[in-house]
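Asker: As given, the protein sequences belong to chains A and B, one line each in that order. Counting from 50, one number per residue, gives the positions in the first sequence under this note's numbering. Counting from 1371, one number per residue, gives the positions in the second sequence under this note's numbering.
Possibly wrong hints are sitting among the right ones.
Said to hold, decoys possible - EDC-like mimics (lysine to aspartate or glutamate), calculated; alpha carbons at most 16 Å apart, straight line: (1) K1440/B x D1456/B; (2) K58/A x E1414/B; (3) K1386/B x D1456/B; (4) K1443/B x E1414/B; (5) K1373/B x E108/A; (6) K1440/B x E1387/B.
Stated by the list, open to error - The following residues of chain A were derived to be distant from chain B, with all beta-carbon distances above 10 Å: (7) N50; (8) M68; (9) S82; (10) G91; (11) G107; (12) P124; (13) S129; (14) T147; (15) Q152; (16) T161.
Claimed, not checked - With beta-carbon atoms standing in for the labels, derived distance ranges: (17) L128/A x S1401/B: 32 to 38 Å; (18) T1483/B x V61/A: 29 to 35 Å; (19) N1437/B x T163/A: 26 to 32 Å; (20) Q106/A x E1414/B: 22 to 28 Å.
The set of hints was computed from the structure by calculation and includes no laboratory data. Backbone N, C-alpha and C fix where the C-beta goes; we use that ideal spot for every residue, glycine too.
The lines below spell out each chain.
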Amino acid sequence: NAGVTQTPKFQVLKTGQSMTLQCAQDMNHEYMSWYRQDPGMGLRLIHYSVGAGITDQGEVPNGYNVSRSTTEDFPLRLLSAAPSQTSVYFCASSYSRTEYYEQYFGPGTRLTVT
Amino acid sequence: AQKITQTQPGMFVQEKEAVTLDCTYDTSDPSYGLFWYKQPSSGEMIFLIYQGSYDQQNATEGRYSLNFQKARKSANLVISASQLGDSAMYFCAMRGGWNTGNQFYFGTGTSLTVIP
């Protein structure tokens, strides 16, 4: 099992550019989520999905889009990058419909927007 | 509203001593899960321990134990016999019920430094 994989590990973008952060999991988890981590602010939820075809907004969704066409993949799209989106991004997965199961995290993507 | 509060931005502990990292939570869900994660300087998020809201006994995993006090809405992490490798950020998290989409909510973290 590869667990949760994320690509790329590092990315530098110019303001206004768009890009997609890839996330995949091989554990057949229905629940997938994207977080951003900024110093002193913990992990903030961007978007999440409870199954293929279902997505919802988290705490900080502006500037980001997601889709969930398969159980395995949950890409995060930055529409027009801004310096405020400089952060470390984590994808995570878990079983759905339960509050009693932990999330598994990917290794993270460090994004810098200049 | 669901909320996790970690009031200790940084903590120091002597090697081989025990340390308690504080976590309080707020929820109206009757059923929820509480989790602790460790983030070493390398950046990955490592799951440590879990406690269900209906569990009567405190969870333990090796040197980690979760001091769960439901009436006080606290879920403190206790690390016994600290080791240098325990130096890391520690995040408390709560997973809510189905009516909140089983979302996870994270605290802002506590940075633990183990002193030789």
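Asker: Take the hints in turn and mark each one as holding or not.
Answerer: Each hint, compared with the structure:
Straight-line distance between C-alpha atoms of K1440/B and D1456/B comes to about 27 Å, which puts the hinted pair past the 16 Å bound. A C-alpha spacing of about 12 Å is found between K58/A and E1414/B, which places the hinted pair at or below 16 Å, so the restraint holds. For the hint pairing K1386/B with D1456/B, the CA-to-CA distance comes to about 11 Å; that is within 16 Å, so the pair holds. In summary, the hint linking K1443/B to E1414/B is not supported, as the alpha carbons are separated by about 28 Å, beyond the 16 Å threshold.
Taken as a hint, the K1373/B and E108/A pair is honoured in the structure, with Cα atoms around 12 Å apart against an allowance of 16 Å. Between the alpha carbons of K1440/B and E1387/B the distance comes to roughly 26 Å, so the proposed pair goes past 16 Å and is violated. The Cβ of N50/A sits about 15 Å from the closest Cβ of chain B, beyond the 10 Å cut-off, so the non-interface label holds. Distance check on M68/A: its Cβ is at least 20 Å (rounded) from any Cβ of chain B, clearing the 10 Å threshold; non-interface status holds.
Distance check for S82/A against chain B: the nearest CB is about 7 Å away, which does not clear 10 Å, and the non-interface claim fails. Separation of G91/A from chain B is inadequate, the least Cβ-Cβ distance of about 4 Å not exceeding the 10 Å criterion. Not every beta carbon of chain B lies more than 10 Å from that of G107/A, the smallest distance being close to 7 Å; the non-interface claim is violated. Against the 10 Å criterion, P124/A stays outside the reach of chain B, whose nearest CB is about 20 Å from its own CB.
Remark: the non-interface label on S129/A is consistent with the geometry, its nearest Cβ contact in chain B lying 27 Å away (cut-off 10 Å). At the 10 Å boundary, the C-beta of T147/A falls inside the reach of chain B, the nearest C-beta of that chain being 7 Å off. Against chain B, the non-interface label of Q152/A is violated: not every CB pair exceeds 10 Å, the least being about 6 Å. Distance check on T161/A: its Cβ is at least 15 Å (rounded) from any Cβ of chain B, clearing the 10 Å threshold; non-interface status holds.
Restraint check, L128/A to S1401/B: a C-beta distance of roughly 37 Å satisfies the suggested window 32 to 38 Å. A hinted range of 29 to 35 Å for the beta carbons of T1483/B and V61/A is consistent with their spacing of about 31 Å. About 45 Å separates the C-beta atoms of N1437/B and T163/A, a value inconsistent with the hinted range of 26 to 32 Å. Distance hint check: the CB atoms of Q106/A and E1414/B are about 26 Å apart, consistent with the given range 22 to 28 Å.
Consistency note: the structure conflicts with the earlier hints numbered 1, 4, 6, 9, 10, 11, 14, 15, 19.
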